[in-house]
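> For the record, the sequence lines run as chains A and B. In this text, residue positions in the first sequence follow the UniProt record's numbering: the first is 1, and each later residue adds one. In this text, residue positions in the second sequence follow the UniProt record's numbering: the first is 1, and each later residue adds one.
Note that these hints are calculated values from the structure, not bench results. Heads up, some of the hints might be wrong.
Computed, partial: chain A to chain B, Cβ under 10 Å [said to hold, decoys possible]: (1) D637; (2) G641; (3) L700.
Yeah, the Cβ is synthetic: ideal placement off N, Cα and C, and Gly gets one too.
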Amino acid sequence: MSAEGVGAPLPRKEDDRLMRGRGQYVGDIRLAGMQDVAFVRSPLAHARIRAIHVPEAFRDRVFTAADLDGVQSIRAVSGLPGFKVSEQPVLATGKVRQVGELVAICVAPTRAEAEDIAASIVLDLEELPAVHDMLAAREPGSALVHEHWGNNVFLETLVDIDIESAFDAPIKVSRTISTGRQCMAPIEGRGTVVQLDHRLDQLVVHTASQMPHIVRNGLSECLGIEQGRIRIVSPDVGGGFGYKAILLPEDVALCWLALRLGHPVRWLEDRREHLTANANCREHHYRITAYAERDGRLRGIDCEAVVDSGAYSAYPFSACLEAAQVASILPGPYDFPAYRCRTWSVATNKCPILPYRGVARTGVCFALELVLDAVAREAGIPPEAVREKNLVRPDQMPFENITKKHFDSGDYPQALARALTAIDVKAVRMRQRSPEPDGRRIGLGLAIYCEQAAHGTSVYSGWGIPMVPGHEQASARLTPDGGLELRIGAHSHGQGLETTLAQVAHEILGVPVARTRLVHGDTAMTPYSTGSWGSRVMVMAGGAVAAACETLRDRALRIGAHLLQARPEECQFIGGHVVGPSGDVPLETIARTWYRRPQDLTSDTDPGGLEVTAGYKPQRDSGTFSYAAHAALVAVDPDLGAVEILDYVIVEDGGTLVNPLVVDGQIYGGLAQGIGTALYEEMRFDARGQPLASTLADYLLPGAAEVPMARIEHMETPSPYTRFGQKGIGEGGAIAPPAALANAINDALAPLGVEMRHSPVTPRRIVEAVLAARVGPERAREAA
Amino acid sequence: MKPAPFAWERPASLPALLDRLAGAAGSVKLIAGGQSLGPMLNLRLVEPDLVLDITGIEELRQARIEGETLVLGACVTHADIEDGRVPDLTGGALQRVAAAIAYRPVRNRGTVGGSLVHADPAADWVSALIALGADVEVASLSGRRTLPVERFVTGALEVALEPGEILVAVRVPARPAGAAWGYVKHCAKIGEFAHAIGAVRLEPDAGRGRIVIGAVEGPPLLLADARPLFGGRIGPDFAERFDGRAADAALAAAGMTDAVERHVHVTVLARAVAQAAKPTPLSLREAA
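For reference, chain A alone in the conformation it holds in the complex (with noise of 0.2 Å):
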């Protein structure tokens, strides 16, 4: 490992420009003859339009449905067999079918003022009875959110695998367990700006996007005008978390709006659009079985699983992403023999579900590590051992589970073993033993998970939604002084991939990564790419920045030994310096020769020169497994029902990690959004599917005070099929935290015939919980 290659620990190179408040986000374009734009949302959740009255004195600054000749609705399809489309409306027509839909479109010179004339529209509608709660609109004779469909079910799946043969088991653990609905909150909101540019015949829309390329697809589809005609400009990106790798109706509506007007609109999400309208997660329901030996170990599992996938399905990632997702990685990291799932993915009058960091891992994490302690106490034996009865071992590997999920890599015992040492359970366990003096309550919680990443056309073809990943491609280019430009089509929102890829190219052409620069986020500038979800980047970009550099090392190779008067065999590559049998020379002379002094090339110099742009995929496309586990101490006041972290350890695998501190950064973010995940973030709706936040002072966010220092330990078990051995990491450490700490909750509280079952494990559920265990243990069950 050299000081700036693969493994290096440098701080972001980005970082200078972004925590000096020097980022370039959309908010801060300004553009000559902008004009802002303020929609009109709908109030009710569920109503026929009767009408839009629009005062006269606006009738030129308002748009409407009927306005907008020519652009098609909003289509996320999944090729999944019985799949049930959506029609996603640019602005509402006919009926809208959530809080928050697009009615119409209002623009002025400032947002102030078109809020003004938002505040001056009267929507004549007829409220329709809403479909709220994903369990209840399965029933018949529930109300329908798109009536033709019959019911409200976009998807229903299947899988039964044996399950019969694990029903003689002695043990038998059934819960219902479920995960609150969440807005994803990242600093920045979602924002676009649009401008025409005549003279490329180009709309050029400048958005806050996880995918540009994704953008460009759909936006075309949508307005109907081709891809050359588009292109996506995204800047500084303030957090994505899966919310930015959505094409939203507001970005089709301003694209539509600037072609209609000619001159820049901009929108700028607020945080009140964000909370009630739009970047809703993680809403699912889980009733599960494990059945056992006595002794923990896992006989099957079987689950019926309910995703409130609410009105549309979002693009590209559809709405059964969640619920399909359920029924194939449920089974965690651990290796049993039989197990069926049903899922279904429920339409609700609610914002379309979105896919969140970790994705459905997080929901499933959850139901599984829960009833698994369930287990342990009907077992009478430590949770550690459940876990350590079923984690697959590493003699297994490379390892087929029971979904053909195909782990690469690993040791999770280990991991276990690691976190349990250091959250130091022994000592844990003789605390508990004697009262605290403060009459808290302590509990130990652990959760383990692996993380599919950079899952590629093998996966994604068989879901048939609008975005299959292929190969990923990337351009590395020396400049004739010798510095290097990289390309690639994902994009950044946090990330640092300016500095881990520069990293990558570091180690195969020496450049010192101060020299390197990433070009991404802009859809005229780079090759093609699905963009940055499902921890992908590192392994995909990062391997075809690799190869796209292996390339050019070896042209570098011919044109050095040819300024060496050497044979190229003759030649080695090193730090950046062709070595020959009589003396080096380095890149930066190569890319003089290259650009400024040809004349002294031979003839057969590759013509393609010092730029290349190369593809790659894994030599598997199944997916990296990275892994963790988490082990969580927590204090429990029972009367009030205040949860404090004590201790939180986090022992985890990525593969060969290309920057230690970045992957720590990922999995301390990572870590924060679990905690608000497992106890304080939720979005609730009453029985008219109106959402109950609207500002930060009601959407608790957990803060600074409420995130604990989490110790990190790395294991580096290399992935056989990628690059360097990379495993994708981003979304890891959102994942385990709900378990591990809804875990160390009940731990703490079983003495008190408390278990909770829910996330967010809010101060008013525990108190409502331990109460209801005072007067009896069935009610307690209830409550929780």
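Add chain B to chain A, keeping to what the hints say.
Just chain B, lined up with the frame of chain A:
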């Protein structure tokens, strides 16, 4: 989230403000720190025609001691109190309450007068100042009047201000000798509005005590004579005598039907009583 159009003025003196207030047509809002009004304007929950900024009035930003009374101008900020930039007669009680309000940026701008006038039931000053026996001083063109905070705060987001009146100062009595003070609030996270507040000022020597249960639906519940919560007598052993069931009954009688909520409020109150019984001053963190 931009406010509806409004006019904005910043009078330089109290008489000028009162004149403007008396003469204004349409709806008027006063702004000091703007920590509640700002978001309400942006969310268009209020759409005043005129906003009068009162922070340019020197008198409202001053604090002084008048005999046995601490007088805090309406525009004294939470941070002024937290940082000790104003005098104190409460033995540090005000400082500890101030230091745990929301977050520091809120405390830098938010004012004690603004908090009282906004009268959010979950806000700290509404409960703490009632427990401390404070008064508010209200001014209008026709003169001044003083009334206890518990009579000023009449409901959730409702106060006894007549048209043309403004709150100019809070008058906090000195802590009586031997008085014990306890203040505990329960939040899901630091900085959040409280879900329960317990504020107690007990005088075991005199056998008296005031107790406030705050962050309830309406105005804080004041027990001006707290003896029933201590088996009829407040003495040096008040911590042992505290009767949670009596507090629970008082809350039930006040209309709190939710048993879980009552349990949380009684627990918080019990902890405020226990805190008052501690001989040593508390750290800020503990007080929070």
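> Work down the list of hints and note, for each, if the structure agrees.
For each hint, the structure was consulted:
Taking 10 Å as the C-beta contact cut-off toward chain B, the hint placing D637(A) at the interface holds, the least distance being around 9 Å. Residue-level restraint check for G641(A) holds (minimum Cβ-Cβ distance to chain B is 8 Å; threshold 10 Å). Taking 10 Å as the C-beta cut-off, the interface hint given for L700(A) holds, the closest approach to chain B being about 6 Å.
Checked against the numbered hints given earlier, this structure breaks none of them.
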